[in-house]
Every structure is written in structure tokens, then in C-alpha cells.
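Novice: Sequence:
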Amino acid sequence: MGTTYKCCFIFKRRFHTRDAPPPEDVRALFSVHAGGGPHMGADDLRRYLVATGQEEAEVHHDMTRPLSHYFIYTGHNSYLTGNQLSSDCSDTPIIMALERGVRVIELDMWPNSTIDDINIVHGRTLTTPVSLIKCLRSIKKHAFVASPYPVIITLEDHLPSQLQEKVAKMVVEVFGNILYYPPDDTHELKELPSPEQLKGRVLLSTKPPKEYLETKLSDSTKEGDADLHLGKGTGDDAVWGKEVPDFRTEIQSAEKDDENDDVDDEEEQKLQPHIAPQYKHLITIRAGKPKDSLADALKSDPEKVRRLSLSEQQLAKAAKDHATEIVRFTQRNILRIYPKGTRVTSSNYNPFVGWVHGAQMVAFNMQGYGRALWLMHGFYKANGGCGYVKKPDFLMQTEPQVFDPREPQPVKKTLKVKVYMGDGWRMDFKQTHFDQYSPPDFYTRVGIAGVPADSVMKKTNAIEDNWTPVWEKEFSFPLTVPELALLRVEVHEYDMSEKDDFGGQTVLPVSELRPGIRAVALFDRKGMKYNHVKLLMRFEFA
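With our numbering as the guide, the letters of the sequence shown map in order to residues 8 to 549.
There may be inaccurate statements among the hints.
[As the list claims (entries may be wrong)] Lysine-lysine pairs mimicking DSSO-like chemistry, simulated, CA-CA at most 27 Å apart:
| hint | residue 1 | residue 2 |
| --- | --- | --- |
| 1 | 141 | 533 |
| 2 | 425 | 347 |
| 3 | 506 | 465 |
| 4 | 437 | 420 |
Just so you know, the hints here were simulated from the structure itself, not pulled from any lab data.
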């Protein structure tokens with residue numbers, strides 16, 4: 008009987024690391040600064056860093072202008088941990104946002120089930136609440152960890168008057184002397200203070216409560232606040248409002264705007280005139296939504312400044328016919344843009360529509376990730392990451408005419424980007440992360456996010472089987488609005504049969520780029536910096 012032999016083949020994974028030599032440009036630059044020698048001394052290195060501007064990022068914009076002159080890092084529904092309909096509400100995402108440098112925190116205030124305290128919750132959804140006091144204390148503790156410049160709390164107010172009084176007491180007790188609000192003799196500001204004036208301060212922004220008189224005007228004016236009395240209501244509903252629905256069991260229609268702080272909804276403003284003034288006087292940036300036509304809402308009042316809120320859809324419509332009016336409005340007043348109601352997964356939108364019209368508060372859901380949020384994170388790396396970016400001069404000019412975003416602009420400068428090589432993945436990823444049997448095949452996507460005329464993406468070829476890919480690829484980007492442009496960089500690993508794997512990303516403000524060769528750190532999908540992954544790149548302007 009013959010013998011049967013079984014053959015077994017074992018495939019050995021091979022992960023050879025091929026160290027790439029320095030690019031010729033880098034060797035030439037090194038030789039210049041090393042004086043032709045093989046080593047660069049400490050003095051040589053110091054001179055090189057100074058000459059190429061590679062120093063720590065610092066605040067370098069003029070911070071003494073009114074708040075309306077700045078783009079402000081703004082969050083939307085800052086208390087949500089996930090989606091807009093059923094996620095938990097918590098102070099954790101508020102803390103994370105503040106530690107990233109976000110300067111505007113949004114809180115939605117609703118009565119608790121016994122109407123004796125205040126919850127922060129996305130109303131009429133299945134989201135679980137967190138207490139207002141917990142959120143306020145966390146804001147105070149973490150407000151200035153990342154930036155010394157002011158934190159603005161935007162309040163979406165769904166409270167009866169007795170709870171508004173409680174909010175006022177909480178806010179004063181928690182923030183004490185760091186709370187900023189207009190002096191008692193003025194109540195309303197003709198011009199907003201500057202970020203420099205408001206360093207280390209917290210301020211409130213919401214729609215002032217409406218007061219409905221139950222007694223004669225002469226009786227209520229004894230409080231010394233005749234300017235607060237806006238007129239009589241009719242019937243119990245006008246005074247007390249209708250019963251607030253059970254917000255934990257009703258799911259609001261996703262098509263309906265969820266920004267009720269800015270809706271003129273009298274049934275949710277259940278206020279008594281003798282209680283309202285203290286709460287009202289704590290509001291520094293007074294908010295509202297257009298009552299009549301948008302054209303009327305965009306008219307500036309020289310006697311006061313205010314905040315106007317528009318959904319991303321409302322802005323897109325308004326931009327077609329009222330572009331210059333929007334820009335003019337934002338020169339003195341605050342414009343806040345928020346996501347449309349259908350973004351139930353907490354996705355975001357194109358922020359440039361707001362920025363190019365001068366909108367200071369382009370509100371984003373900070374709890375997720377995605378390319379739109381990468382742009383937001385990248386935009387606010389400017390000015391030392393302090394959360395305030397001074398608007399370019401063209402958005403503030405009135406003569407000879409106000410800037411019109413609809414008009415085509417000439418090319419102002421051209422950015423040239425060269426991608427030399429990348430490294431660090433072998434230290435930050437498992438060897439089998441990208442491919443089970445061979446080293447990864449990396450390629451880089453490079454482009455511009457900005458106004459439509461400037462926005463484009465290009466890419467290198469894929470370098471096969473190499474943890475240290477060398478591309479030596481140069482790209483050129485003509486820019487019509489370089490002041491707002493962002494450089495987008497993504498690395499992916501080519502996969503023939505499946506979706507390409509993600510290998511890192513970064514977004515950099517073009518206005519902050521300095522000419523020369525740079526080691527550019529990459530970040531993961533959620534915006535966390537990798538420990539070792541970097542690209543070697545060169546930037547030039549023409």
C-alpha cells in the first residue's frame with residue numbers, strides 16, 4: 008500500500024522597510040544652512056527656524072476690535088453626545104469642545120418634569136437630559152483651558168418666568184465676577200466689546216423674554232424698567248403660555264427648525280413683568296429671527312447691536328438676493344448660522360457660505376466627524392488656535408462699496424504645494440492594518456476648500472508596498488479669496504477590491520502657511536493627532 012503525503016504551504020508575510028533618502032530639495036536646503044558641512048549646529052538650526060518662521064503659533068491678529076469683526080468658533084447643541092433624536096445629553100461634549108478651543112456653547116433649556124428645575128435637552132425628542140447647573144459648572148471649569156478669550160453661551164429658552172429667574176441666579180452664582188453683561192443704566196449695547204476687553208469673561212446670548220402685563224403700565228413701571236414693557240396680551244395663554252409638551256416622548260419633525268430660542272413664539276415665553284428684568288439684563292448679545300421680510304431684518308440699528316439666526320437653508324436663499332445686505336449687517340451685528348433640521352445624524356454643512364458673507368457664528372455639531380468638521384477644526388487653527396479669527400478687511404469695507412460674494416474675483420495669489428514623502432504609519436498602526444500580506448500602497452489627496460472658484464482636489468499616484476512613500480509631486484492652486492482658503496490634505500491606502508483605507512488628514516489655513524519645507528502632522532478621522540505620522544511638504548506663493 009502506497010504512502011500518501013500531504014503538502015502544506017506556509018506563506019510568510021513580508022514587511023520590508025525601505026528607508027527613503029532625503030529629497031534633493033531637502034539636501035540642498037540643509038547644505039545651505041549647515042554651511043556646506045555634514046552637520047547643522049545649534050546656532051545654524053536657530054537661524055534656520057527664525058528664517059523660515061517655524062516658531063510656536065501665537066495670537067497675532069488685532070484683538071481690540073468689536074466682536075462682530077471676528078469669526079468665532081461656534082458649537083451647535085453642544086450638550087449632545089451623538090445624534091439629534093436619541094443620544095444622551097451630557098457635559099462631556101461641552102468640556103471636549105472647550106478644550107479644543109470652541110468659544111460658543113449652545114444650551115437648550117427646558118423645565119424638568121416637576122417644573123421646579125432646568126434641564127438641558129433637545130426638546131421634543133428622546134434625548135436624555137443633563138442638568139443646567141452641571142453644564143454651567145463644567146463651562147466655568149474648562150472655559151479658558153485652550154484660550155483666554157471670551158466664552159459665549161447661546162441659550163435656547165423654553166422656560167416659564169420663575170425658572171428664568173432661577174437661571175439668572177444660577178448663572179450669577181456659578182460665574183460670579185467673570186460673567187459680563189451690560190451695565191444697568193444701558194441694558195443694550197451700541198457696539199460690542201472686543202475679545203481683548205472680554206478676556207477671561209463669560210457672556211450670554213439669547214432672545215430677550217417678552218413681558219405681558221397683567222396690571223396697568225403705571226403699576227409695573229414702579230420696578231424702574233419702563234423700557235421692558237412691550238404691551239398687553241390677551242387671555243391666559245398670552246400671560247402664561249400653553250402647556251409645554253412632554254419633550255421626552257414627542258419627536259419633533261426633522262423638517263422643522265429646532266432653534267426655538269430665535270422664533271417669536273409667544274406661547275413659550277410665559278413671563279411676569281416683575282420677574283423678567285434680572286434675567287433680561289444678563290443678556291449681552293440679544294438674539295432674534297426675522298419677523299417680517301429678511302430685508303427688514305438685515306437693516307442695522309445704529310443705536311443697538313443684535314444677533315440674527317438663520318438656518319443653512321435660509322442663508323443659501325438669502326445669499327441669492329441679499330448678499331451685500333448680509334455682509335453689511337455682519338459688519339456691526341452678529342449672524343449665526345445653524346444646521347438644517349434634517350441633519351438628525353449630527354452631520355454638518357459647507358461653512359464657507361457663511362464665512363464669505365461675514366457670518367461670525369457658523370454653528371457646527373462638534374460631537375461627530377467628517378470632512379465638513381475637519382474644515383471647521385482647520386479654520387480655527389489660525390491666530391494661535393484661540394477661537395477668534397479676525398475677518399479679512401474686504402468683509403469690513405464700506406467704500407467704494409460693500410463686498411459682493413456673488414461677483415467673480417480675480418486671482419490674488421497662487422499657492423504651490425509639493426508633497427515629498429510620508430512616514431510614521433509603521434509606528435502608529437499595526438503591520439496588518441492596511442494589508443494582510445504586504446506593506447501599504449499610499450497616495451495623497453491635496454486641494455483647496457474655499458469659495459467655489461478656489462475649491463479643488465488633486466492627488467498623487469499610489470506608491471506600492473512601502474511604509475515610507477516618496478511622491479515628489481507638485482501642485483499649483485490659483486486663489487481668488489486666499490484669506491478664507493484652507494489647504495486640505497488626506498492620505499489614503501489604495502485597495503483594489505474594497506474601499507480605500509484612511510491614512511490621515513489635516514486642514515491648514517492658507518493665511519497661516521509660511522514658505523519653505525515643513526513636516527506636517529496628520530490627524531485621525533476624529534481630529535486627534537497621530538503620534539508619528541507626518542508628511543514632508545513644501546509651500547510657496549507666487
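Novice: Compare the structure with each hint and give your call.
Specialist: Structure-based check of each hint:
At roughly 26 Å between alpha-carbon atoms, residue 141 and residue 533 fall within 27 Å of each other, so this suggested pair holds. With a C-alpha separation of about 38 Å, the suggested pairing of residue 425 with residue 347 is violated against the 27 Å cut-off. A hinted pair counts as satisfied when its Cα atoms are at most 27 Å apart, and residue 506 with residue 465 qualifies at roughly 18 Å. For the given pair, residue 437 sits about 42 Å from residue 420 by alpha-carbon distance, which is inconsistent with the 27 Å threshold.
Hint compliance for this structure: hints 2 and 4 are broken, all remaining hints hold.
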